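A.B. asks: Here's the letter readout for the chains.
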Amino acid sequence: MIQVRNLWMYFGRFAALRDVSFHVKQGDVFGFIGPNGAGKTTTIRILATLLEPTQGRAFVAGKCVVNHPEAVRSVIGYMPDYFGVYRGLTVREYLDFFAGAYKIERAKRPKVVQNVMELTDLVQIADKDAATLSKGMKQRLCLAKTLINDPKVLILDEPAAGLDPRARIELRDLIKELARMGKTILISSHILTELSDMCNTVGIIEQGQMLVSGDIKSIMASINPYIKFNIKLGGQPGNVTAHLAGMAGIVRAEQTDNTLVVEVDGDESVVGVVVQTLVGRGVMVLGVEREQRNLEHLFMHITQGRLA
Amino acid sequence: MKRIAIKIAKLLASPILTKELRATFRKWLFFWIFTSTLGLATIVILITAFAAYASGAHGGLSADRIGMGIFAGLTGTLSVLMIILIPGFCAAFISGERAAQSYDMLITSSLKPWEIVWGKTLTAGAYIATFLLATLPLAAMGFLYGGVTPGQILLAYLHLLATGMLIAVISICVSGMFSSVVASVIVNYIVVIGILIAQSLPALWTAGYSLIRYGPFGMSGGGLDEPLLVIINWLIYAILLIAFYIGAVNKVKPFAANRSTAVRVYSMCVTAVFLMLIMGIGLFSPGPTTADMVYTLTLVAVGGTAGLFIPFYIMLFPIEQNRQSVRILHAMYNKPRPLRLFYPGGRTGVQFTIAAVAVWYGLILALGVFPSMDSLSHDAHMATVLAAMAYAAAFLVSYALIGFLLSTTSLPQWSSRTILFAILLSNMILPWFVALMTSIGETGRSVQDSGVVYISPVGAMGALNRSPDSKEFGWIAVSIIFHVAIVVVLGAIAIARAAVIRDRHMKAMAAMPLNDQPPVPLLVPVAGGEPRIPPNAPPAGI
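Chains A and B are the protein sequences, given in the same order. Mapped onto the working numbering, the consecutive letters of the first sequence carry residue numbers 1 to 308. Mapped onto the working numbering, the consecutive letters of the second sequence carry residue numbers 1 to 542.
Hint data in this document are derived by calculation from the structure and do not stem from the laboratory. Errors might be hidden in some of the hints.
To be verified - Short, incomplete list of chain A residues facing chain B, as computed with Cβ under 10 Å:
#, residue
1, 50
2, 66
3, 70
4, 74
5, 78
6, 79
7, 94
8, 100
9, 101
Predicted, not measured: the structure shown is a model, and the values here were computed from it. Beta carbons are placed, not taken as given, at the ideal position from N, Cα and C, and that holds for glycine.
Please model the entire structure based on the sequences and the hints provided.
C.D. replies: Here's what the structure looks like:
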């Protein structure tokens, strides 16, 4: 649904994007991750037909963003990272305006507006001045605006920035709901916990270069195919790594005081054998914890903290 | 017919108009400005009426003249109020969207850039129409004394509406250039007042035929009884309105690509209209002989080439080229063609430019010079006209090249444009200044006696219009050679400069800072097959 091929973007002599390529399949929720200044917003603005790439091509729903910007605009819903609402318009009027801007027939507009307000839970404040809304409500309103033309692709640039925890969770649930409705979503953020819940694919960009993109599980597996366990030991365990020497499936074993870190190649049964061995040698095992691999680990592993 | 009606209805049903009317007309600020402006207009009209009445009571004026005086006072007051109000009102139309960060959402909707500008123009039209309708009762005061017909009032109001719309479109165009509302307001007023002053400039070129009334605001308060004047004024309005409308649409477009096409096409259209317009003035206005008038105005048309092309065409070069030159440079990596850099549109751009210039000069020759050459009453000859054309062509191309050269630097767009304007102004003013300095203290010597003024476009065109003597011709030839030399030198610099930029880009790409600390190689193949490893990155696995 979204294809980006060898994208370069220069601002003067500064290269904001360097040969960026990725793709997002239909129905995917693609998390676009990167530190500030990495090139996320530049890429998103190119996809939203707001910037012309210096080189390379980008397609949304098979249409080139440079050659057919109008066709692209009709299938996307774009939510910018910063946006303003018009003073003097109510929420309903604001959405009605964008319904008109998306060429929705006048007769159908009230129903469309009502539907998106219901979906985004804005009905209660439909007649409130849009400029007086809270940040969270404005985000909702902007998302409602983004949905007004029933787009196939949603391009959301930092939608949760500046929101309080409740508003963030509500927004996350809303995006999950949209994903369930079959929308293809590209969402950028540097708050990784909120992305890890809803994305099935990610792209990590740093200093204008796409470091990795694709399915989260595949990426995790390609970075580190081994499972890591933290085994907590009781009493005076002494050096227990010697007991595990030569054991099949153990890739690495490190002990720090009462904690034993074991990396295994295979499934969880290997760690069962480890525990059994330790107990058999008289070592007290207090607990076993599997290290969770999430987007934060992935991000920290791949990026090097360079600034663009 | 029904289709046309539906299309017109659709055009008028702009969502932008609805939004702007809702947002603007609800504001208290709008109410207060509107009311106080009307109040001010009423006070001025009442003072005018009492003054006219007092003058009439002492036998100074007939009742008809008093009525006409009140009416002229009203139209004059409304013109001034519109010049004050409309730029301020329209200055935020696009810049306000940018400042409020709603522009991106607007531009990514299904509205095309021309529809956005159209919606804003309709809003301005609604505002102006409301304002003018509210002042109609004041216009009725003219009927108290007679001397004013309903037809005159209708014509005057139509003219005021047209004037207001022109100011509005100029303001929207200027608004599109800025992200700051304050900057937009200031520049808007400068531009509108500048046009007000510039309308008197054609008088400099003409020998005794003042065109001062043939301008955007030329006939406010009078001249409505001259049909030719009305037609010419409205034609000039139409030319300027379309020019600024295209300018506004170009400013709203997010991409630089294809921005110039409309400008190029328009340049050709405006060429034809402008030429027909001045021919019309020549044929219908009183003067020594029609042929002389046509000759004089032909030279004005040649001068107008530079005058029209520079703001609408050449001044757009730095803006476009700054964005496109990098793209062209990238294209050059595969296929180096330095001459392509002269025109951002590549071959198409060259074709458009040649076509525009050919149409322009073809029309001048066909309509202006050849039919009237035999009946000229003074000693002007073909060489003079050809010299004028050569001058204008050299002038245009040299500025196009200066614009290009500036665009190849890393200067911001606004700096490039300011420098280009500064060079243009120096070319216009400096020779006159030098001539003035050399003539000070020399009794009986005028600035024209120093041939250096003919290097200036105004001086050269002025001399050509007077059928120059051999000495003046010599100076004009020097000026043409000077401009041709600029073309040759700048052309050479531009090509060399292009090569330097290309090399610099290649070096920059080869020594990207990322290579100091290579990133993690791509782990997952990207769309389209093979994973792409950054240049000079170490082998995968490190």
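A.B. asks: A separate judgement is required for each hint: does it hold in the structure or not?
C.D. replies: Structure-based check of each hint:
1. A least Cβ separation of about 5 Å between residue 50 of chain A and chain B falls short of the 10 Å threshold, and the interface hint therefore holds.
2. At about 7 Å, the closest approach between the beta carbon of residue 66 of chain A and any beta carbon in chain B falls short of 10 Å, and the interface hint on this residue holds.
3. Given the 10 Å rule on beta carbons, the hint for residue 70 of chain A holds: about 7 Å separates it from the nearest Cβ of chain B.
4. The beta carbon of residue 74 of chain A comes within 6 Å of a beta carbon in chain B, closer than 10 Å, and the hint placing it at the interface holds.
5. For residue 78 of chain A, the interface hint holds, since its Cβ comes within 10 Å of a Cβ in chain B; the closest pair sits about 5 Å apart.
6. For residue 79 of chain A, the suggested interface contact is upheld, since its CB lies about 8 Å from the closest CB of chain B, less than 10 Å.
7. Interface hint status for residue 94 of chain A: upheld, as the beta-carbon distance to the closest one in chain B is roughly 8 Å, under 10 Å.
8. Taking 10 Å as the C-beta contact cut-off toward chain B, the hint placing residue 100 of chain A at the interface holds, the least distance being around 3 Å.
9. Checking residue 101 of chain A against chain B by beta carbon gives a least distance of about 4 Å; that is within 10 Å, so the hint holds.
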